[in-house]
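Visitor: From first to last, the protein sequence lines stand for chains A and E.
Per numbering that gives the first Met the number 0, the very first residue in the first sequence carries number 0; after that it's consecutive.
Per numbering that gives the first Met the number 0, the very first residue in the second sequence carries number 0; after that it's consecutive.
Check the hints yourself; a few may be wrong.
[As the list claims (entries may be wrong)] With the Cβ distance kept under 10 Å, some of the chain A side facing chain E (calculated, not the full set):
id : residue
1  : Glu-5
2  : Val-6
3  : Ile-13
4  : Gly-14
5  : Ala-16
6  : Val-17
7  : Val-21
8  : Ala-24
9  : Ile-27
10 : Val-31
11 : Tyr-34
12 : Met-38
13 : Gln-42
14 : Tyr-52
15 : Met-56
16 : Met-57
Note that these hints are calculated values from the structure, not bench results.
Heads up, the beta-carbon is just placed ideally off N, CA and C, and yes, glycines get one too.
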Amino acid sequence: MNDQPEVTEIYIIIGIAVIALVLLAGAIILFVLYYQKKMVEAQVDRQQMELDYQRKMMEAALESQEIERRRVAGDLHDSIGAMLSTIRVSLITHAKINKSEAEGINESKKMLDETIDSVRRISRDLMPSTLEKFGLAQAVREMCDRFQSTSALPIIFHEEGETPPLLKNRELMIFRVVQELINNALKHSHATQIDVAFINSDNLTVVVHDNGIGFNIAEHKSDKTPGKGLGLFNIENRVRVVGASVDFQSEPGKGSRISIIIPYEKV
Amino acid sequence: MELWLLDASFYGSLVAIVIPIILLLARYPRLTIELKVLTFLLCFSLLCDVAADILYHLKIQTNYASSLWAMFGTVLYLTFFYFTLRMPSLKPVMITLGVLYLTYWAAIIHGGNFLVINARPRVLTELIVMTFSIIYYYKLIRELPTRSISTLPMFWIISSIFITNSAKLAIYAASEYLIEIHNDNLVLPWFIHNILSTLGSLTIGWGAWLNFKEKSVHQSYKK
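Make a model of the complete structure from these sequences and hints.
Guide: As structure tokens, this is what we get:
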């Protein structure tokens, strides 16, 4: 008669022990899950911080590059340009006084005019004043016209919708990328036409398309040989700095199409 | 407690263990070595359970089968953990444990106790399994996989083994006392044991399913 309650007690103890051990094992498993989740989150945060730091470093480097370009452009325009103009005036005066040497002086004047044009073009390329005055779309349109006049290749600019004004340093960054893309197309693509489009919808999408020989994207992405322009890697970095994304589409023999997608809220 | 409930829980655990076996055998040639050992372990467990059932219906002592499982099942668990953990420093520990455990069983057989319930070696088995499961979690935390560990097949398999064996520890620890002192038939503890086995097999099945899916996706990529 005494045995029965004792067995029941043991059963209760077994039940409690089973539950306790299951809970203990479950707690260990939950701890592992929680700990791993927290550690992975911390790792992701650390990586994000490193990325942000790299982005800021690159932004600062590009900004100082732009400041230097602005300084050189200013010096070219204001100092050398002004001096060349003074020389031009002096040559004209000289030609009026010495009519016998007018022909030779006119030759020199013609060469000087070409030099002045070159200095202006270099100065404008280094720091496009249109960008500051009239915004990105107008500056790119002007750049396309300028490239077309010097290369005799149709470079057609389209604008769908109205491009809203963006932050100045962002506009400059995008301008540089487009400038580099057109330069690359002119130098390497053997294209007969280049199209540049600004498409305004939910985002601003800038497309540079050529009908040239195309290229192998994977090969060119890793190409950082000096003298090959910024390279796709550097273009990607610049685009990342403005919070945009870039999509390269190209195949050998089928031209190339590079799209830069810029979310408005990022700029 | 009704005996039919014990029978139902026993057959339920037999059906449940078939699920991971099928899922693992379906991908057997592509399985990693630890999963191949696990497949063998599950098959051996199923075989011992079926043998015990046949012996029961033939009215022969069922402990032939269950002692055989307890003896070699532990060696298989050690092999499974050896390949899962891949820690060379643990190799001598595992070999020593295996040899000592088999020696213990040799002593039991020599003493003519092969056909009793032999709860003590089973308690040892559960402690060994629990220890190596904790070592697995420790290794997991140290290696810190970037993907969510709840998507790792082995995480579910080890968790299932860890929880069920932890719970069974309490049953084995009390069973010898219940039989020897109270002459109890262990229907209720064995019912709980079978329920735990069923849940454990289903969880291992989930791990095996994750592995099956992973391998299938990998294969379709290769195609």
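Visitor: Against each hint, give a clear statement of whether it holds in the structure.
Guide: A quick look at each hint next to the structure:
no.	hint	verdict
1	Glu-5	7 Å, holds
2	Val-6	5 Å, holds
3	Ile-13	5 Å, holds
4	Gly-14	8 Å, holds
5	Ala-16	3 Å, holds
6	Val-17	5 Å, holds
7	Val-21	5 Å, holds
8	Ala-24	4 Å, holds
9	Ile-27	6 Å, holds
10	Val-31	5 Å, holds
11	Tyr-34	6 Å, holds
12	Met-38	5 Å, holds
13	Gln-42	7 Å, holds
14	Tyr-52	21 Å, violated
15	Met-56	25 Å, violated
16	Met-57	26 Å, violated
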